[in-house]
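> So the sequence lines, in the order shown, correspond to chains A and B. Take 333 as the starting number for the first sequence in the numbering used here and just add one per residue. Take -5 as the starting number for the second sequence in the numbering used here and just add one per residue.
In short, the hints are calculated from the structure, not lab data. Even glycine gets a Cβ: it sits at the ideal position worked out from N, Cα and C. Don't take every hint at face value.
Residues from chain A that keep clear of chain B, each with C-beta distances beyond 10 Å, as calculated [what the hints assert, rightly or not]:
#1 336
#2 387
#3 388
#4 389
#5 418
#6 419
#7 421
#8 432
Here are some, though not all, of the chain A residues that point toward chain B, as calculated from beta-carbon distances under 8 Å [as the list claims (entries may be wrong)]:
#9 348
#10 372
#11 375
#12 381
#13 383
#14 385
#15 391
#16 395
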Amino acid sequence: MLTEQEQQAIGEELRHYPQPRAAVSEALKIVQRHRGWVSDESVRDIGAALDLTPAEVDSVATFYSMIFRRPVGRHVILICDSVSCWIMGANPLQAHLAATLGIQPGATTADGRFTLLPCACLGACDRAPALMIDDDLHVDLTLEKLGELLEKYA
Amino acid sequence: MITVYVENQPYPVEPGDRNLLAVCLSLGFDLPYFCWHPALHSVGACRQCAVKLFKDESDTQGRLIMACMTPVKDGMRISIADPEAAAFRAGVVEWLMVNHPHDCPVCDEGGECHLQDMTVMTGHVRRRYRFTKRTHRNQDLGPFINHEMNRCIQCYRCLRFYRDYAGGRDFDVMGWHDDVYFGRHADGALENEFSGNLVEVCPTGVFTDKTMKPHPVRKWNLQTAPSICVHCGLGCNTLAGERYGKLRRILSRYNPNVNGYFLCDRGRFGYEFVNSPRRLRQPCLRGADGDRPAVGPAAAVARVAGIIRGGKAIGIGSPRGSLEGNFALRELVGPDRFFHGVPDRELELVRLALALARQGTAPLASLQEAAACDAVFVLGEDVTNTAPMLALALRQAVRHKPAELATRQRIHAWDSLAIRDAGQQAQGPCFIATADQTRLDDIATATYRAAPDDLARLGFAVAHALDPSSPDVPNLPPDLAAWAQRAADGLKAGQRPLVVAGTGGASAALLPAAANIAWALIKAGRPAQLCLTVPECNSLGSALLDGGGLESALAALRQGDVDTVVVLENDLYRRLPAAAAAELLAARHVIVLDHLATATTAAAEVVLPAATFAESSGTLVNNEGRAQRFFQVFVPEDGIRASWRWLADLIVAAGRAPAAPWRNLDELLSALSAAMPVFKDLRAVAPPADFRMDGQKIPRQPPRYSGRTAMTVHRDIHEPQPPDDADTPLAFSMEGQPGHPPPALIQRYWAPGWNSAQALNKFQQEVGGPLQGDAPGRRLLAAAAGAAPPYFADVPPAFAARAGEWLFLPAHHIYGAEELSSVSAGVAQRAPRPTVTVNDGEAERLGWAEGREVQVSVGDTVQRLPVKRSAQLPAGVAALPAGLSGQPWLPLPAWGKISTPSIPPVGGASATLRSMPSLRSTSSPASAPSAHSANQAPVPPGRRPGLQAGSSPSVREVPA
Ligand code: SF4
Ligand code: SF4
Ligand code: FES
Ligand code: FES
Chain A
333 MLTEQEQQAI GEELRHYPQP RAAVSEALKI VQRHRGWVSD ESVRDIGAAL
383 DLTPAEVDSV ATFYSMIFRR PVGRHVILIC DSVSCWIMGA NPLQAHLAAT
433 LGIQPGATTA DGRFTLLPCA CLGACDRAPA LMIDDDLHVD LTLEKLGELL
483 EKYA
Chain B
-5 MITVYVENQP YPVEPGDRNL LAVCLSLGFD LPYFCWHPAL HSVGACRQCA
45 VKLFKDESDT QGRLIMACMT PVKDGMRISI ADPEAAAFRA GVVEWLMVNH
95 PHDCPVCDEG GECHLQDMTV MTGHVRRRYR FTKRTHRNQD LGPFINHEMN
145 RCIQCYRCLR FYRDYAGGRD FDVMGWHDDV YFGRHADGAL ENEFSGNLVE
195 VCPTGVFTDK TMKPHPVRKW NLQTAPSICV HCGLGCNTLA GERYGKLRRI
245 LSRYNPNVNG YFLCDRGRFG YEFVNSPRRL RQPCLRGADG DRPAVGPAAA
295 VARVAGIIRG GKAIGIGSPR GSLEGNFALR ELVGPDRFFH GVPDRELELV
345 RLALALARQG TAPLASLQEA AACDAVFVLG EDVTNTAPML ALALRQAVRH
395 KPAELATRQR IHAWDSLAIR DAGQQAQGPC FIATADQTRL DDIATATYRA
445 APDDLARLGF AVAHALDPSS PDVPNLPPDL AAWAQRAADG LKAGQRPLVV
495 AGTGGASAAL LPAAANIAWA LIKAGRPAQL CLTVPECNSL GSALLDGGGL
545 ESALAALRQG DVDTVVVLEN DLYRRLPAAA AAELLAARHV IVLDHLATAT
595 TAAAEVVLPA ATFAESSGTL VNNEGRAQRF FQVFVPEDGI RASWRWLADL
645 IVAAGRAPAA PWRNLDELLS ALSAAMPVFK DLRAVAPPAD FRMDGQKIPR
695 QPPRYSGRTA MTVHRDIHEP QPPDDADTPL AFSMEGQPGH PPPALIQRYW
745 APGWNSAQAL NKFQQEVGGP LQGDAPGRRL LAAAAGAAPP YFADVPPAFA
795 ARAGEWLFLP AHHIYGAEEL SSVSAGVAQR APRPTVTVND GEAERLGWAE
845 GREVQVSVGD TVQRLPVKRS AQLPAGVAAL PAGLSGQPWL PLPAWGKIST
895 PSIPPVGGAS ATLRSMPSLR STSSPASAPS AHSANQAPVP PGRRPGLQAG
945 SSPSVREVPA
């Protein structure tokens, strides 16, 4: 079941489009904002709200890599592994991060605090290497900086 | 003619809006392709059809283009063989194959796989990729379709067929990049009625025929023959294949005038009744003790002949039996003692359809003509369930509008994606007036729900709106008049309007109303057509023979002039109230010829095992009066014979004729043509038995048919002589002329280098066009030339609901409503549970929750059924499933009562029948409607098909 808040926000989006199906990516984002990820149940609920079948919603949901169809941790780390960051030392950074958190890229820590995801370019190439935690962009990273950075995200 | 230069050779090409791939294939070139399909057209997705295009003669460089996305132009110079183009195509296959599992030996597609063919064609013969492949989890897509996603090459054909062509919305593409998945949101049966076409549309083994899994066979080991679907009145063309005495599968047989490339799932997967354990395989005689031992054919014929010789027999024919069988029965008993095996009411409806075809000005539309129409009115018929492929045709009819919009924007007629984008939500006018919601409502411009008589009134009102000289409808509410006006305007705006009605709508007023609309449109100068559905595969053909229906047979019996009833391919308990059926079968002698053990055969003194469509050759007449021949696929090993052969023997043995009236099919057809003028063209339906190609017969078995000398060696080490076929130019052998036979005789599609069904390209005059040679089949009916007949004037009074009573209508279902297909396991699994459908508000008022068991009484038949609530079915009417096995036959439409039983039934079974004949117990469990739960399985959250964690930053597989 979508919460009242989610329903309201989706209803708001619907007003911007002549066809309800056009609002599907916004609806997915709304649900993800509230729940961290989009479950099978949410896929069906969004479908019901937009007059779409679950398959039609899922087709969009699975297309966007930033729509999470599996549960994620409280904080999602997106670490750039594209070319500028790679030149500037993204690989050791990612290895360090993985070792610190004790997880492989793509996984979530056992305490559910972090999910570590590699991603391709955060648009901060001039200040590479870069990563994002939730909505915060962190640039000019070094191994030293990483430790304190994580502290900020409980 | 325009000229296209291929490898510097000039080729004449018809001018017109064509793409280069279609032109190259039509010219006979082997140009590989994947995503293009002659019915789905071009999207340019796979990059497989690359050729070199040269500016002019002096251009030696040229450039690579995608043939399927390039319009053909006069003077165009291309090269297919160009080394760069060839290398490009080999490269494309190589990367399409990167993730392909190369599992041909265990793949059901192997040996008839377009991917195999194209790979070989490009010359990519050595795999260089040595790394991990992406893998997917497969889904359970229900009883019809097997899913093996790893074999996918991402051509998108499946989705373009399922979603864009067939209107399915429970199947889609998931994922992105190199991790693309075609399937459902969760496991469960594919909901679309045309899902089986994925088997042929998918160029690889992702979607294969699951019903073939228990009896798999390679294409080269199949004995095949051209056939006609027997599961509804449309007469779709099929290819039926056998091995080891078992019918193995049905494929679509291309007929551009009928089913085109496709089939419905009832037609494709309903075949397994042929292999049913309920098949009658030997003649049986009832002895004095009531036991019925099997006997040899001679003893059976002698017994029946004795009965008929001394007695007064009547014959009861069959709408699912061939013309030949019905005619032979009529010859045995005499024309005035022949009755049709359907209730009088149904016979009258079918005869009315015949009359409309012959006397009206509007011709009956073929499926192809229906698909070509651009404005549609459906009156009273739940088309998807009574004539499935017509629903697919109507889906194409509403797509002309977006195509026209696109043409105005100078988009090519074959540029599928561009048309989709340009057309957006545009759809041609389609008005649907039915009692309850239908599976076509999603393409409707407007729908209207009412009781049948009110629907007919609406139809008359539409006709009146089109032509004020047609009868007016008194007391029409203003909103309805407005609806009628809108529909009239919509139809009139069309260049090729179509009016659809049929016998499934359960009202004799619907057909006249539909006819009035079509005739009014013709008067207004529109080339309108009528499309009338009939219940069964030979309803129309058998109705061409004179004779009354079952009530007339009963009346004859009651008059006392009858002591013997000969029943042809018919279960009377599916046609009459149990008491009436039992009365007919209580005649002194009952002789039944049929395929399966039924309640009717259980009552017979003599049962003769009758050949199905797969074991005999014959003629069926479809809903538009098209006579079509089906050809025997294999010779059964037991006592099974074509009904007409049994009857021919009986005619002689009973002394009705000195010698066999017909020794083979052609003689029988000659007799039929001579007997009635309407059948005069019957022999032209397909080439006669003495037709030869280069002096040879046409082999049913492919040249590579294996094991022929070994397959019977457990019985006899000598290889048997192939059985003779006196009825057709086909041979039960691999010997014969391997070339392309005339269209009516095409037994398989194969051409050098083309092992898949797409070898069909080589059999067409141009791809997607007519077949090479005479079109198969003949239309027996023609619209009347000249003056329009007078309009029908019997406008029924408005439906009046009755207090405490409901008008029960038949609810048809594609799976389960037709007798033979519902014996097939897959179809039985998809059959609905019996329910009684009532109006939502009414149920609310009466406190009936969905699923609540109620007692339904119609006449003296009482049954308990769960309630199904419908928001759309009007109050005062209710619907009961038509034809579901295990359900009693009811004379629907009929008034009856629904009550809430005070004492709960023992065991709480959903259908407790009181008036069922005990004979019903002969039905096997396979025919019982099974719980249909495929879509209801709970899906654990987070369980996603296929999408595997790869190197991409996908988080879809993050372990929870
Ligand atoms: S499943 Fe078959 S038809 Fe669909 S994209 Fe894959 S290869 Fe093409
Ligand atoms: S539409 Fe009718 S004739 Fe055609 S395949 Fe389906 S059941 Fe058979
Ligand atoms: S490459 Fe890392 S931010 Fe662009
Ligand atoms: S067939 Fe031309 S790109 Fe696929």
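> If a hint holds in the structure, say so; if it doesn't, say that too.
Hints, one by one, checked against the model:
| no. | hint | in the structure |
| --- | --- | --- |
| 1 | 336 | 21 Å, holds |
| 2 | 387 | 4 Å, violated |
| 3 | 388 | 6 Å, violated |
| 4 | 389 | 8 Å, violated |
| 5 | 418 | 13 Å, holds |
| 6 | 419 | 19 Å, holds |
| 7 | 421 | 19 Å, holds |
| 8 | 432 | 18 Å, holds |
| 9 | 348 | 17 Å, violated |
| 10 | 372 | 5 Å, holds |
| 11 | 375 | 7 Å, holds |
| 12 | 381 | 15 Å, violated |
| 13 | 383 | 10 Å, violated |
| 14 | 385 | 4 Å, holds |
| 15 | 391 | 4 Å, holds |
| 16 | 395 | 5 Å, holds |
Checked against the numbered hints above, the structure breaks hints 2, 3, 4, 9, 12, 13 and satisfies the rest.
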